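Trainee: Sequence:
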Amino acid sequence: MICWPHCDDDGDPCYDPWGFYICDPWNLDPENPEESYVDCAGIEGEWAYIAPCGCIGGSTGIWDCPNQDTTENDPCEAIRRANLLKNDANISHEIDNIKNNTSETGYKLFVSDPTDPNTYYIGPGIGGGNSSWASNFTWNANHGYGIGHLNNHPQGSAPNPSDAMVGIDLDQMKSLHTSSEVDFYTKNFSAIIVAGSEVYTITIKDAAQYKLDQKAYDADRALSASDWLSKAQGYITSNPSATPQEAGVYALLEMYGNSINLSRQGINSNNSNVELSLNSNNNVITKNPC
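Following the working numbering from start to finish, the sequence shown increments by one per residue and tops out at 292.
Hint data in this document are derived by calculation from the structure and do not stem from the laboratory.
Since this is a predicted model, take the numbers as computed values, not measurements.
Each residue gets a CB set at the ideal place from its N, CA and C atoms; glycine is no exception.
There could be a bad hint or two in this list.
[As the list claims (entries may be wrong)] Below, a list of computed lysine-lysine pairs in the DSS-like style, where the Cα atoms sit at most 30 Å apart:
| # | residue 1 | residue 2 |
| --- | --- | --- |
| 1 | Lys-189 | Lys-217 |
| 2 | Lys-189 | Lys-233 |
| 3 | Lys-289 | Lys-189 |
| 4 | Lys-176 | Lys-189 |
[Said to hold, decoys possible] Just the calculated beta-carbon pair ranges, DEER-fashion:
| # | residue 1 | residue 2 | range |
| --- | --- | --- | --- |
| 5 | Leu-178 | Asn-283 | 27 to 35 Å |
| 6 | Glu-46 | Asn-283 | 43 to 51 Å |
| 7 | Asn-102 | Ile-124 | 30 to 38 Å |
| 8 | Ser-271 | Leu-178 | 33 to 41 Å |
| 9 | Ser-271 | Asn-144 | 34 to 42 Å |
| 10 | Leu-231 | Lys-101 | 20 to 28 Å |
| 11 | His-145 | Gly-63 | 40 to 48 Å |
| 12 | Ser-232 | Ser-61 | 45 to 53 Å |
| 13 | Gly-44 | Gln-235 | 52 to 60 Å |
| 14 | Gln-157 | Gly-259 | 48 to 56 Å |
| 15 | Asn-102 | Asn-138 | 21 to 29 Å |
| 16 | Pro-126 | Gly-44 | 52 to 60 Å |
| 17 | Cys-292 | Gly-44 | 43 to 51 Å |
| 18 | Leu-280 | Asn-102 | 29 to 37 Å |
Full structure from sequences and hints, please.
Mentor: What follows is the structure in structure tokens.
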């Protein structure tokens, strides 16, 4: 709904994409309600709005709430991180261990110090049958600070919503931990998926959008999986020459392209990750953003 600077015609509040009030119908200027309104700072015609921390924006000079999700990772940074991970001897060793497995196996990635990404380590392998593996994550000294996962797709399918969205619950994390810890997690989260002859890496592009997408995913995981499959099938119908992997990539980017970075390289190659994105015709393309 776009109703700034006026309120919705039905008298309902107008929200920005993060769920904050942009316009409150009760703040309409009583002497001239059809033309202007008074924002939460008491300024007629301005656009200060009510956020969880109070009135911000407009003439207040306050633009962000404390602990608000602001972390962003650009595609070039995502490629750099994907290459570093693939080149790591421990990661490469586990990729070799699971690349030909006929059942799905996952590893959680941890750091021992939630301020230093160089303290990472890999947890033990977790078997999950043919389609899933244990995906609950922790953020504490006793059970580990989880910053991602590595798993294989035995059928060679592309990354799916589960690969992109499982991990620490950002909503819960914000309420339990400091903003610096949240920023550290969103900056360093990585999901590595081994699928056939390819290795995909997912990182968080926009923390605020990712939190919204993760919340929707957690609300109905079955619906997210069904939506992903439907979009992939639709892509193949429109592009008969497309591979199932390409269709799966399309579906994931169509759903979460605003919140995640997705890159890919050959399983036997190094320093060759490329960004996967959608062009203006909604076709999957590869490029090197650096």
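Trainee: Compare the structure with each hint and give your call.
Mentor: Status of each hint after checking the structure:
no. : hint                            : result
1   : Lys-189 <-> Lys-217             : holds (19 Å)
2   : Lys-189 <-> Lys-233             : holds (29 Å)
3   : Lys-289 <-> Lys-189             : holds (22 Å)
4   : Lys-176 <-> Lys-189             : holds (14 Å)
5   : Leu-178 <-> Asn-283: 27 to 35 Å : violated (43 Å)
6   : Glu-46 <-> Asn-283: 43 to 51 Å  : holds (45 Å)
7   : Asn-102 <-> Ile-124: 30 to 38 Å : violated (19 Å)
8   : Ser-271 <-> Leu-178: 33 to 41 Å : holds (40 Å)
9   : Ser-271 <-> Asn-144: 34 to 42 Å : holds (38 Å)
10  : Leu-231 <-> Lys-101: 20 to 28 Å : holds (24 Å)
11  : His-145 <-> Gly-63: 40 to 48 Å  : holds (42 Å)
12  : Ser-232 <-> Ser-61: 45 to 53 Å  : holds (46 Å)
13  : Gly-44 <-> Gln-235: 52 to 60 Å  : holds (53 Å)
14  : Gln-157 <-> Gly-259: 48 to 56 Å : violated (23 Å)
15  : Asn-102 <-> Asn-138: 21 to 29 Å : holds (27 Å)
16  : Pro-126 <-> Gly-44: 52 to 60 Å  : holds (58 Å)
17  : Cys-292 <-> Gly-44: 43 to 51 Å  : holds (48 Å)
18  : Leu-280 <-> Asn-102: 29 to 37 Å : holds (31 Å)
Consistency note: the structure conflicts with the earlier hints numbered 5, 7 and 14.
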